[in-house]
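Visitor: Here is how the chains run, residue by residue.
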Amino acid sequence: MRREVPLFITFFIGMLLIFSVFIPPMESLGEDFTVFFDIIAVFAFFLGGGNLLRVHVSKLTRQKRDWQYSIVTLLGFAVTLVIGLFKIGNPGGIAAAPTAAGSLFQEIFDYCLVPLGATMYSLLAFFVASASYRAFRAKNREATILLIAAFIILLGRTPFGTVVTGWIPESFDVLQVPNLAVWIMNAPNLAGQRAIMIGIGLGVVSMSLRVILGIERTYLGEDKS
Amino acid sequence: MEHVAVWIAAFLTLGIISFLYKDNPWYKLSEAIFVGISAGYWFVVLFWDNIYGKFWVGVFPPDVVDEAGNFVSHGVPDYALIVGAVLGVLMLARLLPGVGWISRWPLAFIVGCTSGLYLMNYFSSNIMRQVQGTIIPLFGIGYGASVYEIIGNIVIVGGTFAGLVYFFFSKEHRGAFGATAKVGIWVIMITFGASFGYTVMSRMSLLIGRIDFLFGDWLGLIK
Amino acid sequence: MSSTTRIRELAVVILILVISVIVYIGKIQGWNNGLMFSPAVSLTVVIVIFLLLLYILLRTLQGHLIGRRTVFLFVGLAVVLPFFMTLTLKFRVSPEVQQLYDALSELQPGSKVLVSFDYDPPSAPELQPMAVAFLRYCLSHDLKVIIIGLWPQGPQQANLALEDALKSKEVAAKKPEYGVDYVNLGFQVGNEFVIQRMGTDFKSMFPKDYSGTVYDDLPLVRNVKNFSNIDYSFNLSAGYPGTQEWVQVAVDRYGLKMGAGNTAVQAPMMYTYLNAGQLVGLLGGMNGAAEFELVTNEIGKGTKFMLSQSFAHMIVIAFIIIGNVAYFKSGRKKKL
Amino acid sequence: MRLLIHTTLFLSVFIFIGSSRIFSVEPSPQVQADTLVNTADTVGVSVAPVTSLLVDDYKYDNGEQLNLSWVPSIDDQLIDGKVSVYRVYRITNDSTRELIAELPPGSNSFTDKNLNRHDTYRYIVAAVSASDDEVLSTTTEPVQPQREWINFRRGYLFLLALIIGGAVIYYIQSARRGKKLFVRKIAGLEAVDEAIGRATEMGRPILYIPGILDMDDVQTLAAITILGRVAHQIADYDTKIRMPVSRSLVMTAARETIKTAYQTAGRPDQYSDDMVSYVTDEQFGYVAAVDGIMVREKPATVFLLGAFFAESLILAETGNSIGAIQIAGTARPAQLPFFIAACDFTLIGEELFAASAYLSGEPKALGSLKGQDVGKAIAMIVILVGVIAVTIGNAWDVKFMNDVKDMLTTIFSTQ
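Chains as they are written, first to last, in the working numbering: chain A, 12 to 236; chain B, 80 to 302; chain C, 5 to 340; chain D, 72 to 486.
Excised from the complex, chain A in its bound form (with noise of 0.2 angstroms):
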């Protein structure tokens, strides 16, 4: 039983969102089971929040390593929920949007979230560099190819890529490289893309049928009662 229920349940709901999309009056279905999809996904962060913060206190009891960061997270977590639900600091009091403008709780994200984000996010620029150095080798003749492709388009969007080839003459002007990195992008980029993109619909289509018909049911449990 416990395990039935839960297949029939996916293969019910499956079954009906598929045949939804040739019945109109059923069409609506997928959105309002995605607003379903969202309540149940703020329970589910009870259990989510609830988890972050047993994870800390116990590192906090238990004095483990770095223990000290623990009580810096559960700090952080507890004053912007208090400050967020209870819309402390809002001018515009309970009734406002949470993410009012000049709001306690939008100044944290102002102040320290943004920062924070925008900075781990523009970390990349600096592994981007680390993996051209290490990766991007001629190893083989895929490698080659990918990286004779990198070096056009990133010549071509440069300034230094109109000045390197714009001895080419006009007849020719395909093999400039600016060109030439335009042409990359329409051609052999778009088919590689189409390739993919088909290759993952049908992997999609096949990948739900298996989980619809119950073929693939690992993360429902064991049925041990």
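Mixed in with the good hints, there may be bad ones.
[Said to hold, decoys possible] On the chain D side, residues computed to face chain B include the following (Cβ under 8 angstroms): (1) Pro176; (2) Gly226; (3) Leu228; (4) Val289; (5) Ala324; (6) Ile411; (7) Leu440; (8) Gly457; (9) Asn465.
In short, the hints are calculated from the structure, not lab data.
Cβ coordinates follow ideal geometry from the N, Cα and C atoms, glycine included.
Chains B, C and D: place on chain A using the hints.
Guide: Frame of chain A, contents of chains B, C and D only:
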């Protein structure tokens, strides 16, 4: 206040950057702040958007009023949302010993939704539309294409074809089939090279933005 | 880890903090007016970086792979140092930027320019310099600027850009007045439908401006009914809704004359519109901003950013080349 | 060869059905407005009204939309047009008329959405001159939007889905009956065994990152199904797994999955909820934490499977710097090159979705992979035939070829 805010932002920015040197207390502190605050932030946003904005307002809709604030009619409640909330509550059954298995029901619901929805979405947008988009005249409409365009068209059609051959699972990549698959992986590699070259550009601008903040807005060293 | 390294690291951190505090106090007190290398120093720095790269190439050829931290250091230097350099990168103004400039310079003083801010802070490094340069040109050439935003955070970015533009000497000399010379009408939800409604009636979409003033109380827009009262428009876009929607609705249906500023990722898609004449002028990424600053003779952040970006790209390209040269030199055997 | 025969069979059935157009539909009756033109007062600079205003039901919807079409005013011309705007008015259940849309000159149709099928509607379209003189058309007869139960416009979509989905199910069934199936090797998945073994030998944990999206993304679902197979081996080897996640629902699903794997492996006591922990929903906050875990716990093996965005390279490079074996996979083409650069093995697009079937080694799961190949074969044949048809049709104007091309584009069009 403004001074405090800009110093906090700068302190956190440097903390994250210091990770490039190695893992260190400054980074750990920034990370702890980041995790704590952002987890709280997203719960608050999700709570007000979904539990209040979608569920509560959906089930207990406010009265409809005209511009002057006069009563027009009662809102129409959407009781179906209660099903969503019930599924959400079932999710919490995990916390109770003995009935934890009930939480698989909402999970099964979600998995069913995802697979059902995506199956049809991907079918039309990824398979049908892409196949249709590849049916192009090689010589352009009314012979209108230049040599380069013709080559481009042939590459698009041939490349897509070869790429699909590469993904074949149930046939060994040998002989002519294997050669086509080889061409296929080359085309895919060009695609990857192109997207690499393409994204590198925009990645740099983010770092430039942060540097501008540190040396300009914070320290005032940039004129 | 030995305790001496630890102490050394701590010392560095403290040193950085102390210097920061001093520089910050300098900023507030006004004796820190920014740092600038002289051309000779700038050139020396470039040469030193180049020599260091050569040294790395040599080391790699000998089979020593340099560490990640060295690579990081180079990227950091390549991005930071150009901010203080007085070097002017030689680049040519591409035709689409020239086209934008020509379109602007053809406008009579007093012409109304509509600027739509359709981006948010993550795209600001690329688009903000364009916005500032564009506003600066308009305000210093007696063009009236009407700002709107289809992205919620657009008008906020617009105010930041205005603040910067107003600092420039030429603009300050004109003493532009809010409501008369420029106006920020704020954000409106509805994506392309907003554009469509603006085709018949601006006021219905923007009954009040960003700060809450009623539309008819703003002298600049009081007589602006729809796109027919706009002489030129400029769209700063980082995605959807953006240039594509503006072209499809405002240009194709209402015949608005418009140019655009796009992120580097988006710009290549716009060339079709440019070729078809649907767009008059296009700025793409930091390059676009820098080129626009060049034609308008106003060196600003775009040029600085562009210098930084070009340096960073060169470094990435240099590292790819070094990696590969070394790889082939070593007979492709060693797994470096 | 068998595959080819099957594909051809499927294809011919479908073309047969397709060409016989079983889903052809009767034209819907239209409600025509009085064609008598309201001769408007010609005072001032007014314009001629629009004519032949028609309202008909929008086909195959839930009774929420109506289509309006009309012939534009004769004064609406490209050059020197006198019409400045068209205004569409609606009268709901005999109430007063309300303005619902303003359309630019040149418009000749409009779709009114969000209607109620229990109400009746009448429409008027006004042509407005530059001096704001409004000239009304006739009012249409009252119409109710109709609800249709089946969307025949999507007939071909149904047919195609049936064929490809059918192929998948057919091969699953035939595999279940014991038919042997060949599946080529996928390098990234062959390496899973070795990667887990390495972590066991080194006594270090395995880090499993299922992307940053929630369970409502199909890539996350794929990551969880693969986790089911991987966790099984991990339980067998008795290695430690560490799985920080950025969504609470993913945490719940992952726990169920790993628990099951440990139970099937006969070591339920080894399982602990601490293997999976929630970090934060914030994209880069999660990345910061995972980077921290990587450098502090030094996992021997890192799996990066699921939906990744800009963080792909940040994670993969940090993983690389600690010397872990990395197996990555995503369906986002923009992130794949970064994985290829910094990881040891990368699952490209479709391979991610095939992975769990491949790893399971169960015949019925493998059967579904063969079903997928039928889909690919169909796509390839359609592309070939279509391109030949449209090229020849275009170049020499061969009617048959044009017909073939038209048929294929109709079948593969999506609405």
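Visitor: Identify whether the interface hint at asparagine 465(D) stands, where standing means a beta carbon of chain B within less than 8 angstroms of its own.
Guide: holds, 4 angstroms
Visitor: At a threshold of 8 angstroms, is the proposed contact between alanine 324(D) and chain B supported by beta-carbon distances?
Guide: Interface hint status for alanine 324(D): holds (6 angstroms vs cutoff 8 angstroms).
Visitor: Could you check if proline 176(D) really has its C-beta closer than 8 angstroms to a C-beta on chain B?
Guide: violated, 30 angstroms
Visitor: Any CB of chain B closer than 8 angstroms to the CB of leucine 228(D)?
Guide: Where the cut-off is 8 angstroms and the nearest Cβ of chain B is about 6 angstroms from leucine 228(D), the hint holds.
Visitor: Regarding the hint that valine 289(D) lies at the interface with chain B, is the smallest CB-CB distance below 8 angstroms?
Guide: holds, 4 angstroms
Visitor: Would the hint on glycine 457(D) be counted as holding, given a Cβ-Cβ threshold of 8 angstroms to chain B?
Guide: Holds - the Cβ of glycine 457(D) comes within 8 angstroms of chain B, reaching about 3 angstroms at its closest.
Visitor: Double-check isoleucine 411(D) for me: the hint is only fine if its C-beta lies closer than 8 angstroms to a C-beta in chain B.
Guide: Status holds, d = 6 angstroms.
Visitor: Would you check whether leucine 440(D) satisfies its interface hint, that is, whether its CB is within less than 8 angstroms of any CB in chain B?
Guide: Holds, about 4 angstroms.
Visitor: Quick one, is the glycine 226(D) hint okay against chain B at 8 angstroms, beta carbons?
Guide: Constraint on glycine 226(D) not satisfied, violated at 13 angstroms.
Violated hints for the displayed structure, listed by number in ascending order: 1 and 2.
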